[in-house]
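Residue numbers (my numbering), protein chains in the order written: chain H, 5 to 137; chain C, 75 to 195; chain Z, 0 to 276.
Derived SDA-like pairs: lysine to any residue, alpha-carbon spacing no greater than 20 Å straight-line:
{"id": "1", "chain 1": "Z", "residue 1": "K187", "chain 2": "C", "residue 2": "V129"}
{"id": "2", "chain 1": "Z", "residue 1": "K143", "chain 2": "H", "residue 2": "W135"}
{"id": "3", "chain 1": "C", "residue 1": "K138", "chain 2": "H", "residue 2": "D96"}
{"id": "4", "chain 1": "C", "residue 1": "K185", "chain 2": "Z", "residue 2": "K187"}
{"id": "5", "chain 1": "C", "residue 1": "K138", "chain 2": "H", "residue 2": "H56"}
{"id": "6", "chain 1": "H", "residue 1": "K92", "chain 2": "H", "residue 2": "G125"}
{"id": "7", "chain 1": "C", "residue 1": "K191", "chain 2": "Z", "residue 2": "R267"}
{"id": "8", "chain 1": "C", "residue 1": "K101", "chain 2": "H", "residue 2": "V20"}
{"id": "9", "chain 1": "C", "residue 1": "K185", "chain 2": "C", "residue 2": "V129"}
{"id": "10", "chain 1": "Z", "residue 1": "K183", "chain 2": "C", "residue 2": "D125"}
{"id": "11", "chain 1": "Z", "residue 1": "K175", "chain 2": "H", "residue 2": "R137"}
{"id": "12", "chain 1": "Z", "residue 1": "K118", "chain 2": "Z", "residue 2": "I7"}
{"id": "13", "chain 1": "C", "residue 1": "K185", "chain 2": "Z", "residue 2": "L262"}
{"id": "14", "chain 1": "Z", "residue 1": "K183", "chain 2": "H", "residue 2": "G36"}
{"id": "15", "chain 1": "C", "residue 1": "K80", "chain 2": "H", "residue 2": "V20"}
The hints are simulated quantities; they were obtained by calculation from the structure and are not laboratory data. Here the structure is a predicted model, which means the values were calculated and not measured.
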Amino acid sequence: MDGQSCVMIMNEWDIVAARQLGRHAAKELGFGAVDQARITTAISELARNIYHYANGGKIYIDKIEEKEKKGIKITASDHGPGIPDIRKAMEDGFTTSGGLGAGLPGVKRLMDEFYIDSKTGEGTVVQVVKWLR
Amino acid sequence: MMKTSKIPILKLYNNLLISIQWELDDKTAMQFQEDLLKKIHETGATGVVIDLTSVDVIDSFIAKILGDCVNMSKLMGATVVLTGIQPAVAITLIELGIELEDIHTALDLEKGLELLKELED
Amino acid sequence: MSLKISGIVEFIRMHRDEIMKDWIDRFNKADAQSISAESDQIDQAIAAEYVNILIEWSKNKEDEFSRKIHEFSKRIVQLDWPMDKIAQCLHTFEKILFAKLLEKQIPGDPLELLSEIEKVTSPVNREVFLQYTSSYERTINLQKMALQELSAPLIPVFDSITVMPLIGTIDTDRAKRIMENLLKGVVKYRSEVVLIDITGVPVVDTMVAHHIIQAAEAVRLVGAKSLLVGIRPEIAQTIVNLGIDLSQITTKNTLQKGIEAALEMTNRKIVSMGERR
Chain H
5 MDGQSCVMIM NEWDIVAARQ LGRHAAKELG FGAVDQARIT TAISELARNI YHYANGGKIY
65 IDKIEEKEKK GIKITASDHG PGIPDIRKAM EDGFTTSGGL GAGLPGVKRL MDEFYIDSKT
125 GEGTVVQVVK WLR
Chain C
75 MMKTSKIPIL KLYNNLLISI QWELDDKTAM QFQEDLLKKI HETGATGVVI DLTSVDVIDS
135 FIAKILGDCV NMSKLMGATV VLTGIQPAVA ITLIELGIEL EDIHTALDLE KGLELLKELE
195 D
Chain Z
0 MSLKISGIVE FIRMHRDEIM KDWIDRFNKA DAQSISAESD QIDQAIAAEY VNILIEWSKN
60 KEDEFSRKIH EFSKRIVQLD WPMDKIAQCL HTFEKILFAK LLEKQIPGDP LELLSEIEKV
120 TSPVNREVFL QYTSSYERTI NLQKMALQEL SAPLIPVFDS ITVMPLIGTI DTDRAKRIME
180 NLLKGVVKYR SEVVLIDITG VPVVDTMVAH HIIQAAEAVR LVGAKSLLVG IRPEIAQTIV
240 NLGIDLSQIT TKNTLQKGIE AALEMTNRKI VSMGERR
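Put together the whole structure using the sequences plus the hints.
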């Protein structure tokens with residue numbers, strides 16, 4: 005599958021850049037308007053997490069293909085403080101930044117697949133996939 | 075550093091009209107909140123219509139700012155109506171778990187102004 | 000000395016009429032209720048073709064052979080027999096062939112004989128079942144598509160009032176599609192009120208209710224109001240018994256009442272133009 009795009013998330017403008025890139029890729033893959041919005045919003049949430057908690061990181065956007073299925077994979081990776089209690093972070097309404105608390109569970113609902121790996125002091129990797137219906 | 079763009083706020087009789095025409099970034103959104111409240115204070119407007127027809131992404135942060143705008147305006151005596159929220163945006167907000175409860179909405183600017191009039195009566 | 004595959008094929012060729020007669024007799028006896036002259040003939044033709052294919056298999060080149068099996072299998076599928084009947088039928092053939100081989104005192108270990116028979120028949124049998132499964136899969140896919148098409152129609156009934164009748168079971172996938180159609184329709188028809196009619200939804204459980212609530216909230220965000228209509232007594236019971244909170248949604252028991260309410264919400268009503276004849 006053709007290459008990977010990557011956006012460094014260092015400041016607020018990069019959040020916009022990441023979601024524009026994601027929307028573009030989603031459109032290219034043939035996702036409908038609603039799925040485009042889901043994907044773009046998920047990217048926005050992930051990028052925001054990086055910006056707020058990890059003080060910088062990267063968002064990778066991959067077009068993927070598997071058994072006649074096509075999809076888009078978003079990987080958010082940072083070397084921030086990590087999430088001490090992943091289960092708690094996945095509960096609705098849990099937030100440490102005073103936002104709306106949509107965060108990770110919201111992202112999970114928007115996408116088809118959701119993986120998270122986090123080590124305290126080392127960083128966090130969140131990977132989400134949306135398949136083309 | 076990119077320049078923060080300002081969202082124009084128009085006054086029409088007792089109402090303020092805002093049409094957001096491009097993708098909102100955090101700084102622009104926060105600047106907008108400040109400008110709106112200032113404008114309500116200056117003009118004594120009793121109604122505000124924010125048209126979101128051209129906005130195709132609202133994430134939790136932008137949603138929070140918009141929700142705050144509504145509540146802050148209410149404290150200052152102005153009713154806010156959000157109009158033109160796209161189906162895709164509405165679905166995404168609901169799935170994210172953001173409900174924007176107790177917010178007035180209308181299909182478009184025109185219906186939004188009608189609603190404000192109705193609410194005043 | 001054991002009988003090789005070619006030997007078995009040769010055996011079938013030599014005793015062809017005998018085997019076929021036994022096969023059809025045996026099978027028709029088992030299937031006594033559904034015998035008619037017509038289907039009998041088809042059975043004969045099919046049986047003959049099956050045996051032919053088995054006989055010819057060593058003579059033909061590989062790809063031509065597989066093409067033949069393929070065509071034959073397709074024809075079998077078109078007969079529209081139940082799969083177990085086919086399986087039984089093919090199995091009967093093997094049993095008869097085995098019995099005949101033993102009867103004619105062919106030398107060799109019976110177990111080995113069985114495995115040789117299986118080698119002769121299995122390529123054809125496998126293809127028949129493959130065809131069957133793929134034909135079922137095709138049907139299922141077509142039905143899935145048909146189901147998607149009638150998934151969630153949105154009908155404008157009056158200026159700024161639309162109705163979405165929901166029929167059948169709602170799963171997560173369908174619920175998402177319903178929500179999308181609902182919202183796109185609301186914006187397209189500029190509806191102020193949209194009625195979601197669940198008369199045709201057999202079960203409203205927590206999940207379905209959750210989707211309905213979400214849809215109603217999304218409708219509110221785009222700037223319209225939704226009414227939930229067609230709530231049957233048993234649905235009302237389950238909703239309350241499950242402790243589902245639908246208090247944020249206006250509900251009416253029938254579509255008719257819903258439309259009246261919708262007209263009222265848009266400042267209209269239906270009036271009678273004098274006496275009815």
